[in-house]
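Visitor: For reference, each letter of the sequence shown is one residue, going -23 to -1, 1 to 498 in mature numbering (1 follows the signal peptide of the UniProt record, and there is no 0).
Quick caveat, the hints were computed from the structure, so don't treat them as lab data. Keep in mind it's a predicted model, so treat the numbers as computed, not measured. It is possible that some hints are incorrect.
[To be verified] The list that follows gives simulated cross-link-like pairs (lysine to any residue, SDA-like), each with its CA atoms no further than 25 Å apart:
(1) Lys294 / Ile397
(2) Lys316 / Arg276
(3) Lys104 / Val440
(4) Lys312 / Ala328
(5) Lys333 / Gln249
(6) Lys376 / Ala398
(7) Lys12 / Ser(-2)
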Amino acid sequence: MTFLRALLLLGGVLILQTQGTSALRVLGVFPLPGKSHFILAENLLKEMARRGHSVDMVSHFPTKNPIPNYRDISLRGSLPIAVNNISFEETRTFSGFSMAFFVRHTGTQICELLGTPYLEELLRTPKGTYDVIIVELFTAQCYIALGKHLDAPVVGLVASKMHDWLFDPFANPLNPSYMPSLFSSFSQRMTFWERLTNTFVMNVIGLQINYYLNEQIEYVEKNFNRRISSINDLYNDVSLLLVNEHFSINEIKPATPDVIDVGGLHVHDDDQMVTPELEKWLDASTEGCVYFTFGSMIRIETLPPEKLKILYETFEKIAPVRVLMKIADPKILPKGLPKNVMTSSWMPQVAVLKHKNVRAFITHGGLLGTQEALAHKVPMIGIPLFGDQHTNIRTYQNKNIAIALSIDTLSVDGLTNAIIAVLNDPKYRKNIAHISDLFLSRPMSALDTAVYWVEYTARHGTVMKSPATELSWWQLYLLDVYGFIITCALIILYVLKKIVTTVWSCCKRNQTPISKSKKNR
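Full structure from sequences and hints, please.
Guide: Structure below.
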């Protein structure tokens, strides 16, 4: 009898598992030609393919090693690829305000792809072909319209922390008093002047970006034959938002159930291996190794000669500590590279950060790279250049897991002291071990969490969406209710005043004859 019960229980579990993990047809749409943003999506979609789901992926980066259940819809050749092609001078033009123009320019280019042969077959796909569609929400919100066009729930993926302009459409509170803008460099604990600046930046850039995103309405109407009054109408089609953040390194803030933090879902090294030459070099770096990269887009070799000279002198000064530099084109570096420096045009970054002799990370502060360093407990020296990099590095510095330097005031002494402090001061290792534990201690890994909620959304659609998204702004902030209450109060006061005035007049009239008769006597 006991055996029979156990057998029935096992059968029930297997049936539930089968029902819960039945294969989905998934469409991933990531037309931004930036490798760092794509990495996040690639990890999620390939994991879904490994779990038996059928995945079609629209991107500029078709996989080099095909895997089962994963099919590329390639956009390669349609737009310039942003990999190792941004010079230092170009980064000097980037700011929160110029980022709004970037959103406009890039978003327009990406939305224009909808009318090209690259995507015409996708647009002709019959309704019901896909169970769920995953799109990136950044510069090209026009692709959200694929959800209704193909009759499938939409999951949005945000490669950074939550964008300022996404809080309102998803009915998430945005309070500049303790939530720094994506484009500010403030922590959650701000001074009065920082709160003032943060409020200004958050509102002005948000208005600017929303204005430019609304220019994409014409692409929605043209390619999907759908009339919308604002790009915000498309956000109502998004059933779930996956955001690359976590409270341990970003803000502690309230969120609706349809906004899920999956910070670090890209952090894994299953398929990364260092070359035998690099492994030998790292193993021999017994005095410690500093890993230096400015990510997949920015070319370190384009730094001004005086900045490169500072790097050379600093790296020579910290010997026998070694430096591993990712350089897109090492040939154009000036002569005189110190002997303790090794360069390469490509690095298996997670595998490098995981090596026991890598003890510090010089970074521009990109979120994906710093999350990888955090996961593998490598303290940082941050030299932010643009975008959210300033906020990221400021956050890490406040947690004593990084030292922030400015590229404008960079000096040999400043960089040397920062490297020595990170290498030798135990507080940095201790603090990053603690924050890393907070970052990784979750009921499920970030990747498992993302997959679970995508599967949930495919089955249940918009059940987690806040009803607040259906309200007008004056309804959301109860202006109609307050207006009604104030109007009623004014009417009541007016009526009371009339009653008092009338009674007072009557009393006065009644008293007048009595007063006169008393006088006559």
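Visitor: Output the indices of the hints that this structure fails to meet, ascending.
Guide: 4, 7
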